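Here is how the chains run, residue by residue.
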Amino acid sequence: MVPPSFQLGEFEQVVLLTILRLKGEAYGASIRGEIARCTEREPAAGALYTTLDRLEEKGLVASRFGDPTPERGGRPKRYFTVTKAGLEAVTRAQRSFQRLLEGVTLPRWAYA
Amino acid sequence: MPDAGFAEALLSLVTAPERAAAAVGDLLEDVPRRGRKWFWLSVIRAVAATVWRDMLSTPFSIAAAAVAGWLGFMLVALLFDLVSQVGLRLIWAIGYVLAHHTGLELIVDALRVRIDWAPMPPALTHNVQWIAVAMWAPFYTGRLVARQWRRRALAFTAIQTIVWGLLIGVVPFVSLFGSRVTVAALPILESFLLIGVIRERWSQVLAEANNHPRGG
Numbered sequence: 001m002v003p004p005s006f007q008l009g010e011f012e013q014v015v016l017l018t019i020l021r022l023k024g025e026a027y028g029a030s031i032r033g034e035i036a037r038c039t040e041r042e043p044a045a046g047a048l049y050t051t052l053d054r055l056e057e058k059g060l061v062a063s064r065f066g067d068p069t070p071e072r073g074g075r076p077k078r079y080f081t082v083t084k085a086g087l088e089a090v091t092r093a094q095r096s097f098q099r100l101l102e103g104v105t106l107p108r109w110a111y112a
Numbered sequence: 113m114p115d116a117g118f119a120e121a122l123l124s125l126v127t128a129p130e131r132a133a134a135a136v137g138d139l140l141e142d143v144p145r146r147g148r149k150w151f152w153l154s155v156i157r158a159v160a161a162t163v164w165r166d167m168l169s170t171p172f173s174i175a176a177a178a179v180a181g182w183l184g185f186m187l188v189a190l191l192f193d194l195v196s197q198v199g200l201r202l203i204w205a206i207g208y209v210l211a212h213h214t215g216l217e218l219i220v221d222a223l224r225v226r227i228d229w230a231p232m233p234p235a236l237t238h239n240v241q242w243i244a245v246a247m248w249a250p251f252y253t254g255r256l257v258a259r260q261w262r263r264r265a266l267a268f269t270a271i272q273t274i275v276w277g278l279l280i281g282v283v284p285f286v287s288l289f290g291s292r293v294t295v296a297a298l299p300i301l302e303s304f305l306l307i308g309v310i311r312e313r314w315s316q317v318l319a320e321a322n323n324h325p326r327g328g
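Residue numbers (this note's numbering), protein chains in the order written: chain B, 1 to 112; chain Y, 113 to 328.
In isolation and in its complexed conformation, chain B is listed as follows:
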């Protein structure tokens, strides 16, 4: 049985995968932009920040603050990285999806 803190909702998986995609450049605005680009859905800022905070509380992501930049009015970026526990959780979740997909034939347009 997967511990509750390792159980991921759909949006949590999206956020974790996006942070992994962005490598060292994952901060609020870049994560939101990358999610919008990949999923064609623009996440609300509030939903994204509460999800990031929740993932950090669960120990699945870690954050650090960068230096303040003038284009952001002297405000720092909060960079996120996926922890070892986060990587395990998202891997387990993706494996579950793969197992569910095994033996399922999706129509050709699903891959378009």
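These aren't lab readings, by the way, just hints derived from the structure by calculation. Note that the coordinates shown come from a computational prediction; the quantities given were computed from them, not determined experimentally. Be careful, since some hints might not be right.
What the hints assert, rightly or not - Quick list of simulated restraints, FRET-style, between CB atoms:
no.	chain 1	residue 1	chain 2	residue 2	range
1	B	Leu20	Y	Leu278	24 to 32 Å
2	Y	Leu278	B	Pro70	49 to 57 Å
3	B	Phe65	Y	Asn239	34 to 42 Å
4	Y	Asp115	B	Gln7	49 to 57 Å
5	Y	Gly277	B	Arg64	36 to 44 Å
6	B	Glu88	Y	Gln260	18 to 26 Å
7	Y	Ile156	B	Ser96	52 to 60 Å
Every residue gets a Cβ at the ideal spot worked out from N, C-alpha and C, and that includes glycine.
With chain B's structure known, arrange chain Y on it following the hints.
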């Protein structure tokens, strides 16, 4: 350019100041593309989403604390009611003494002006009690709540609003103040509770900002 400082202060009511600053910085990056309306909507939604998350994180312990908060509010309301009524009578008595037992009375008599010191009108005691119980006491209770719950104070207040709405319909509030401060005072009482919470949180945010000034 929107007032990013105000937006940051709003977010700081519900989250750590450095997180609020980073979130506002993220939103500012998109302002040239999306505009000010989107910026402010995003800030408000971020505050609401954080309050909602905090409410759902430990709803039962917050509700239990809200019941305890109700009892605390009752004590504060009784104390403030007592203090205000005693204070009102003291002021009335001082006024009477000044008007009738000092040189002022002689001056007034010389001017042939008559001062009647009527008994204290019931409406005055009623209004003072109303201010003490439905405005002053919840405002002060709100400040105490914010000192205890800090960043989660707004979530606590939201649940408290529901719990207090249920509790005011039963004893002992109505039996204590019912003749003059009735259940109809609840919206005002809860408004002043919220004002007290925001007032105290605001001073906490300003103090945090002064303790950790941001460079750059």
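Open item on the list: Let me make sure I understand: some of the numbered hints might not hold for this structure. Which ones are they, in numerical order?
Closed with: 1, 3, 4, 6, 7
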